[in-house]
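Per this note's numbering, the sequence shown runs over residues 7 to 319.
Hint data in this document are derived by calculation from the structure and do not stem from the laboratory. Because the structure is a prediction, the values reported are computed rather than measured. Glycine included, each C-beta is placed from N, C-alpha and C at the ideal position. One or more hints might be untrue.
Stated by the list, open to error - Cut-off 25 Å, straight-line C-alpha distance, at most; resulting in silico cross-link-like pairs (DSS-like, lysine-lysine):
| hint | residue 1 | residue 2 |
| --- | --- | --- |
| 1 | Lys39 | Lys121 |
| 2 | Lys137 | Lys121 |
| 3 | Lys296 | Lys57 |
| 4 | Lys161 | Lys137 |
| 5 | Lys9 | Lys62 |
| 6 | Lys118 | Lys39 |
| 7 | Lys196 | Lys294 |
| 8 | Lys121 | Lys75 |
| 9 | Lys57 | Lys75 |
| 10 | Lys57 | Lys98 |
| 11 | Lys46 | Lys62 |
Claimed, not checked - Here are the simulated distance ranges between beta carbons:
| hint | residue 1 | residue 2 | range |
| --- | --- | --- | --- |
| 12 | Asp151 | Cys227 | 29 to 37 Å |
| 13 | Asp23 | Ser79 | 33 to 41 Å |
| 14 | Arg158 | Asp226 | 33 to 41 Å |
| 15 | Lys222 | Asp68 | 39 to 47 Å |
| 16 | Lys137 | Asn24 | 28 to 36 Å |
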Amino acid sequence: MIKYIDMHCDTFTVCHDNGLDLDGGSLQVNLTKLESSGCKAQCFAIFTEGKDAFEKFNVYLDYYKNALKHFESRIKSIDCTADFAVAERDGKIGCILTVENLGFLPSPDYVKNLKQAGVKMASLVWNYENKLAYPNLKFVGGIPDFSLREARGLKPLGREVAEMLDGNNIIVDISHISDGGADEILENRKIPVVASHSNTQSVLDVSRNLTDGQIKKIADCGGVIGVNFCADFLGSVPIECVYKNLAHIMDIGGEDVIALGSDFDGIPKCEGLEGCEKMQNLFEYLLKRKIPPRVLEKLATLNFMRVFEEVIG
7 MIKYIDMHCD
17 TFTVCHDNGL
27 DLDGGSLQVN
37 LTKLESSGCK
47 AQCFAIFTEG
57 KDAFEKFNVY
67 LDYYKNALKH
77 FESRIKSIDC
87 TADFAVAERD
97 GKIGCILTVE
107 NLGFLPSPDY
117 VKNLKQAGVK
127 MASLVWNYEN
137 KLAYPNLKFV
147 GGIPDFSLRE
157 ARGLKPLGRE
167 VAEMLDGNNI
177 IVDISHISDG
187 GADEILENRK
197 IPVVASHSNT
207 QSVLDVSRNL
217 TDGQIKKIAD
227 CGGVIGVNFC
237 ADFLGSVPIE
247 CVYKNLAHIM
257 DIGGEDVIAL
267 GSDFDGIPKC
277 EGLEGCEKMQ
287 NLFEYLLKRK
297 IPPRVLEKLA
307 TLNFMRVFEE
317 VIG
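With these hints in hand, go ahead and build the complete structure from the sequences.
Pasting the structure below:
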């Protein structure tokens, strides 16, 4: 069985909002599925949006911490690189806390609180403009138009927050951000960034997907791209399109930039990739498509762990 790390899911937010625990319900990710699927570590995103986003963040954070205590015999918080080996030795699933959409921050200095809370990775924006940045999704008449790309860059507050994330050893995630915002973050970048759940424009031309130039810059700074399993950003044959995205990313950025970012429990189920229980099927398919085992190990764990170690330690 191939061990893997998934860079993004919305499971904790969905669990809280539906009164479930980490092992409850028929979600795409739950603890039993993770244990049987070969998961080495799962990145769990706290997602908030709206006027009460700051209050929601703290509620979700408490929910996450309580889950760590409740399931302490089965999961372990990954706070440093050494914890990956400790979790595996003890037969536990590693849990990595991330944040999707930092628009709720009361000030850039609050990033220090995120670090103290255990946040290891964060993105500035989701699908709607906030006080930090613009998204890579534009609306026409209130309807998303994925043919349009957003050129506007970071707002002043967003630049401060991005600097604070770097200064506090939190991985900067550019999934969902505008082309202009991504370009600013990636310009002359020395610290690795990630696109935790993003695909490629060359495979499917939608604004949510990365341009070849962005892929190259992520690779140049030592970052990684977690391929997203959402059919809207993959194409009509999801498992085949995961392969196509991986192949294209490697063509542009090399084998050290590929990773996995399913977006489970934030996307509809799609054929062949319905939930984390199908991860081994994906690896078997990729082996059949002649991705070497050495490269598959980089995709599954090693590339993300390298970024984690370089940024967090």
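Quick rundown of the hints versus the structure:
Pair hint Lys39 plus Lys121 does not hold up; C-alpha atoms about 29 Å apart against a cutoff of 25 Å. With a C-alpha separation of about 21 Å, the suggested pair Lys137 and Lys121 falls inside the 25 Å cut-off, and the hint holds. In summary, the hint linking Lys296 to Lys57 is not supported, as the alpha carbons are separated by about 49 Å, beyond the 25 Å threshold. Taken as a hint, the Lys161 and Lys137 pair is honoured in the structure, with Cα atoms around 7 Å apart against an allowance of 25 Å.
Taking the CA atoms of Lys9 and Lys62, the gap is about 33 Å. The hint is violated against a cut of 25 Å. Restraint check for Lys118 and Lys39: not satisfied, since their Cα atoms lie roughly 34 Å apart, outside the 25 Å limit. Restraint check for Lys196 and Lys294: not satisfied, since their Cα atoms lie roughly 36 Å apart, outside the 25 Å limit. At roughly 19 Å between alpha-carbon atoms, Lys121 and Lys75 fall within 25 Å of each other, so this suggested pair holds.
Straight-line distance between C-alpha atoms of Lys57 and Lys75 comes to about 30 Å, which puts the hinted pair past the 25 Å bound. Taking the CA atoms of Lys57 and Lys98, the gap is about 37 Å. The hint is violated against a cut of 25 Å. With a C-alpha separation of about 28 Å, the suggested pair Lys46 and Lys62 falls outside the 25 Å cut-off, and the hint is violated. At roughly 30 Å, the beta carbons of Asp151 and Cys227 sit within the given window of 29 to 37 Å.
With their beta carbons about 26 Å apart, Asp23 and Ser79 fall outside the hinted range of 33 to 41 Å. The supplied range of 33 to 41 Å is broken by Arg158 and Asp226, whose beta-carbon atoms lie about 23 Å from each other. Restraint check, Lys222 to Asp68: a C-beta distance of roughly 40 Å satisfies the suggested window 39 to 47 Å. Restraint check, Lys137 to Asn24: a C-beta distance of roughly 29 Å satisfies the suggested window 28 to 36 Å.
Of the numbered hints listed earlier, those contradicted by the structure are 1, 3, 5, 6, 7, 9, 10, 11, 13 and 14.
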